[in-house]
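Visitor: Protein sequences appear in the order of chains X and H. Note that the numbering used here has the first sequence beginning at 1, numbered continuously upward. Note that the numbering used here has the second sequence beginning at 1, numbered continuously upward.
Don't read these hints as lab results, they were simulated from the structure. From a predicted model like this one, the values you see are computed outputs, not experimental measurements. Glycine is no exception: its CB is placed at the ideal position from the N, C-alpha and C atoms. Keep in mind that a hint or two might mislead.
[As the list claims (entries may be wrong)] Computed spacing ranges between beta-carbons, pair by pair: (1) Gln173(X) - Ser230(H): 49 to 57 Å; (2) Pro137(H) - Asp84(X): 49 to 57 Å; (3) Ala44(X) - Met205(H): 29 to 37 Å; (4) Glu151(X) - Ser230(H): 30 to 38 Å; (5) Pro133(X) - Ser230(H): 51 to 59 Å; (6) Pro202(H) - Ala135(X): 24 to 32 Å; (7) Ser34(H) - Pro133(X): 40 to 48 Å; (8) Glu26(H) - Asn183(X): 12 to 20 Å; (9) Ser23(H) - Ala161(X): 22 to 30 Å; (10) Pro165(H) - Lys60(X): 37 to 45 Å; (11) Glu90(X) - Gln20(H): 51 to 59 Å; (12) Gly231(H) - Arg181(X): 33 to 41 Å; (13) Phe83(X) - Pro29(H): 22 to 30 Å.
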Amino acid sequence: MQAVSDEQLIQWVADGDASCLGTLFERHHRSVYQYCLQLTRRPAASEDLVQDVFLKLLQKAGSYRGEGSCKAWIFNIARNVTFDYLRRAERRTVSDDDADENAEPLVDHRSTEQVAAGQQNLHLVARALAEIPAAAREVIWLGRFVFEDYEDLARALGCTASAARVRMHRAMQQLNTTFTRMNGVPIDV
Amino acid sequence: MSEKRKGGVPFESDDAAEQQLWSDLEKLPEEAPSGRLRRRFYDELENADRRTHRRRRLFGWLTAPGLAVALGCLFVGVMVGVLLRSAPTASRAELAQLQQQVAILNRNLVLDRLENDSASKRLLGVIEASDLAEHDPEVRRALLERAVDDRVHSVRSAAIDAIGPRVGSPAVGDELMASLEKAESPLVQLALADLVLRYGNPKQMEQLLQLSAQGRLHPDVAKHVQSSVSGNRV
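One chain only, chain H, in its complex shape (with noise of 0.2 Å):
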């Protein structure tokens, strides 16, 4: 995303010395920060706009459901482990119910992460999640969000190569043209216009079109989203 080395402003001299200095400066290594300035930004970022819109959130409600379901996981796994020893004399019924109590703390993970403060483990709950979007809307809507609200540059792209691919089925669509229509932010609107554009289905861009006509989107996300159109129309 950064731009890379481009041409320069034209430089011209009548010393030959000069001209070739300023084409080995091309040549110079390029030094990149270290990851940490990425880290320690959006952290910034993430402060200052909680200031701006007076979110308060305490972090303890937070960290408390994680803390329960990571527990809930782990004993869940005991038992599992207690029952698949004793399996004769276990019932399948018993097992099959706790495979099922697994995947609803499994699923409650996901979802604690995909909400975390940390980035890095709301990367990871992206990651996790894709599995489960398709068939489970409360974790496709929290995807979703990651994929057009998340602060950290990394994590949207990671929801959005995650989601894309699912624009098409009817239940990712619909989500999707729904959270369109309630967007204000306009760098929301693009994010999910942008989804539509490059993984929707006709119907999908039918209804990007009829949003964008009924000055339902931004005046610059409609413009954006036409030009597309026309474009790929051409």
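The shape of chain X in the complex, shown without the other chains (with noise of 0.2 Å):
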């Protein structure tokens, strides 16, 4: 199956054989779906929106114009789809206090001792990857995960690549100003 790429395959779901993004899924919807964690922090919205994702494409399977790879387009659907549900979601909250009391926690299912056996360091950089506004994080675990070049990267994000990079640039530094607040030390210059 490695044998067909991406964009043959949507090609083939713009012709009619929808049996193909089965096998899209197959290769993207973990991907998908920690994007989608990474922005919702719900594992039960993101299993909803990543169901979304691939059934969008399904539907705009004719659209892609094969600009770019097609893990980027995908992205860029997946982006739409997330980005629409935190806004609905903040409709619906009353503030932002009761949404984070809502959200249930990113990651870190693990026990004390597994934290306390040298792992306090991650602990601390996925609390502060978490801390960080949406914008940011979703430029981290796209362009840390998902994605090799800013090209790809900046038309899943729907931007020019210097601008990618920029906002790449920004996160980071977002990111390490928060995790130097929570793990107490002063910043390195």
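Can you join these two chains into the complex? Each is in its own frame, and there are hints to help.
Guide: Set out below in structure tokens:
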């Protein structure tokens, strides 16, 4: 199956062979799920969003024009679906405080022993990542775990490659500041 | 199949702490979705596909044979039990006849499972069918269909695993080549071609190359076949 590129698969979906979407799902659903989870912090909602993303691919397959990778296009759709959800969720909640109370813990289902055994640093990284704004978290997540070049990252984010670089730089600064504050040590200058 | 974490985009910073964070991010635990997501997706995909192709099937027709087979199995099982209890008086011929009936019912049950709407039942059908496929053309065809055309990845993989090692045998191989000639979907063609490329004998490889050269395969599939064969020969 790996012999077929994502771009070819989406073309076949557009031609009416919906079964090809199953192959795309197997290739990408985990990373789309993790992306949605980073932004929503709700596992059940993230699964719903992944479902929406892939069913949208079925409807929109014909509109893929081959500009950039199919993966970037998929994540651009995932981004739109997730931010729509966040906007709706924001309207439903009375205040940000309520939203934070309802949010499920993003990472860290580990035992205290694990954390104590040299995992505290990682625990803090996860907490810092969860604390920075969603826009910064999104850039870091996509840039660190999904894409390998700024062109694809930019297409997923709907901006230029240079803007993606700037956003990444700022997001990492935010992460570092938050991490340092949590860690209780001075910022490394 | 899903891509695991790779290197990420190049990130360069003069700040050592940021570089360290970039490196630490990779160690964050990966959260996996529940198995429910996959089931829901394939159910939805199947529904969407049905709507697209206007294929309406009545569930009653699908479930009725399954129920009949199950009841038949129960009846035959009870009869075998009764006959075994009175074995001295029962003739060997009667027992053999019942065993044959059990085998037929079992075969029908397997065929029914391979066509079931539920992916888990189809998976069970694939496991049961692998022993019957060698000698039963109908089971072989149904298993081959699961191997190349099942909506659910795990069912497809299990069917490929079940049928793959038998591709070299004339019965399975002929069936495979006949399906390849008839297949219209490029993805189905590719799955069949990959089975031949992985498990086929030299004669089947030759047939595959002929189909490819005659333009009877999708151009992308033909390209894949030619590059795979030439890669193997080098």
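Visitor: Against this structure, judge whether each hint is valid.
Guide: Right, here's what the structure says about each hint:
1. Gln173(X) - Ser230(H): 49 to 57 Å: Because 51 Å falls inside the window, the suggested range holds.
2. Pro137(H) - Asp84(X): 49 to 57 Å: For Asp84(X) against Pro137(H), whose Cβ atoms are near 51 Å apart, the range 49 to 57 Å holds.
3. Ala44(X) - Met205(H): 29 to 37 Å: violated, 49 Å
4. Glu151(X) - Ser230(H): 30 to 38 Å: Distance hint for Glu151(X), Ser230(H) holds at roughly 32 Å.
5. Pro133(X) - Ser230(H): 51 to 59 Å: holds, 52 Å
6. Pro202(H) - Ala135(X): 24 to 32 Å: violated, 58 Å
7. Ser34(H) - Pro133(X): 40 to 48 Å: violated, 28 Å
8. Glu26(H) - Asn183(X): 12 to 20 Å: holds, 19 Å
9. Ser23(H) - Ala161(X): 22 to 30 Å: 23 Å Cβ-Cβ, so the 22 to 30 Å window holds.
10. Pro165(H) - Lys60(X): 37 to 45 Å: Check passed, 40 Å falls within 37 to 45 Å.
11. Glu90(X) - Gln20(H): 51 to 59 Å: violated, 34 Å
12. Gly231(H) - Arg181(X): 33 to 41 Å: violated, 55 Å
13. Phe83(X) - Pro29(H): 22 to 30 Å: This hint holds: roughly 25 Å between Cβ atoms.
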